[in-house]
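Undergrad: Hey, can you work out the whole structure from these sequences and the hints?
Just so we're on the same page, our numbering is the position in the sequence shown counted from 1, plus 2.
Bear in mind the hints are in silico, worked out from the structure with no lab data behind them. Please read these numbers as outputs of a predicted model, since none were measured by experiment. No residue lacks a Cβ here, since even glycine has one placed at the ideal position from N, Cα and C. Some clues are possibly wrong.
Using 30 Å as the maximum straight-line C-alpha spacing, the simulated DSS-like pairs for lysine-lysine come out as follows [claimed, not checked]: (1) K312 x K24; (2) K24 x K231; (3) K5 x K307.
Simulated restraints, written as ranges between beta carbons of each label pair [as the list claims (entries may be wrong)]: (4) E179 x P295: 28 to 34 Å; (5) A219 x Q161: 24 to 30 Å; (6) G287 x E179: 24 to 30 Å; (7) I304 x H73: 34 to 40 Å.
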Amino acid sequence: MAKLVFCLMGPTASGKTDIACKLLQQFPFEIISVDSALIYREMDIGTAKPDAQILAKAPHHLLDILNPPDHYSAANFCDDVEKLCSEIYDRGNIPLLVGGTMMYFRALQQGLSALPQADDAIRKTLSAQAQEHGWAYMHELLKKVDPVSAQRIHAHDTQRIQRALEVYAITTKPLSECLKAEMHASDYQFINLMLMPENRQWLHERIATRFTHMLDAGFLDEVRQLLDKWSLTLDCPALRSVGYRQAFLYLRGEYDYPTFCAKGIAATRQLAKRQLTWLRHWPEGFTCVAENPGVFGEIIVIIKKILDNKRKIS
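TA: See the structure below:
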C-alpha cells in the first residue's frame, strides 16, 4: 500500500511556513522544504528562510544544503526526497512537503521524463550567444523551435530558456515534446493541500510588506556579502532567485533604489502569478482559501479525515 506524503503548496507569501509549523503540533509530521532558493546557505533574508527560533521548534529538511554557486536539479530533489521519506517513515513519522517550487513538486509526483544530461559545451555556446544578442533574442529563438515551451517560459527566465534550447540542440526535439514521455509511478500517495488566495490584492499587499521587511532586516547587506565571498554571476541559479537578481543589478549600478524596490516587488508578483497558474492546472488536490481566517482549521479537518480513512483501510 502506498504511503502518504502530504504536500502543502502555494504561492510565495501565502502563509505556508506558518501553517506547516503549526501542523507539527497536531500531527507526527517532519517538514521537507520544496524551495529552490532555501537550499542555499547564507541566503536567509531574501528567501524569507525560517529563523533559528522557528527551526528549533520545527526543523526543516533540505534547508542550507548547498553553497550559492552550486547547482541543484529537480532530479537531485527527487533523489533527496525519496531518501528522506524513507527515513521519516522509519522514525514513525509522516513527510510534509512545504513550498512553492512547482517544478520540484511535478517532478516528484509525475516523474521525470527522459531528458538529456546537461552539456557544458552547448551551454557555453548558448551563454555566449545570449551575451552577444540578449535573452529576448534567445526567447525568440525558442519560439521558433518550441512555441509551446516559449509560451510557458517567461522571457526573463533565462535558466529555463537555456535548458529548453539545450534540449533541442541535443535531441532535435522540442522540450515540450520530450516532457510528454511516460512518467514513472511513485511508491507514495501524495495529498495536495493547495493554498489559493481568492483576493489577489491580499497577496500583493503581503508581498510588498514582506519585501519592505526584508530590506529593513538587511537584505542588501546580505547580497553584498554573497558577492564579496562568492564569484557569482547572473547565470548562477542562486542569483536567479526573486529579489537577489534585482539586488545584484542594483548594486552593480544598473538602476536606482526606487527602481530596485519596484522591480523586486514586481518580480515577486510575477513569481506568485506563475505559481498560481501551476496550481490551477494541478491534477488533484484540496483547495484552501489562503486568506480565510479559518484555513488552518480547514486543513486540520482534511488531514484528520485522510489519516482516519488510511487507518481503517490498513
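Undergrad: With reference to the structure, classify each hint as holding or not holding.
TA: Here's how the hints hold up against the structure:
At most 30 Å may separate the alpha-carbon atoms for a hinted pair to count; K312 and K24 meet this at roughly 22 Å. With a C-alpha separation of about 36 Å, the suggested pairing of K24 with K231 is violated against the 30 Å cut-off. Distance hint between K5 and K307 is fulfilled; the C-alpha atoms sit about 16 Å from each other, no more than 30 Å. The given range of 28 to 34 Å is broken by E179 and P295, whose C-beta atoms sit roughly 45 Å from each other.
At roughly 27 Å, the beta-carbon separation of A219 and Q161 lies within the given 24 to 30 Å, and the hint holds. Taking 24 to 30 Å as the suggested C-beta distance range, the pair G287 and E179 conforms, at roughly 27 Å. Distance hint check for I304 and H73: the Cβ-Cβ separation is about 36 Å, which falls inside the suggested range of 34 to 40 Å.
Violated hints, listed in ascending order, are 2 and 4; each of the other numbered hints is respected by the structure.
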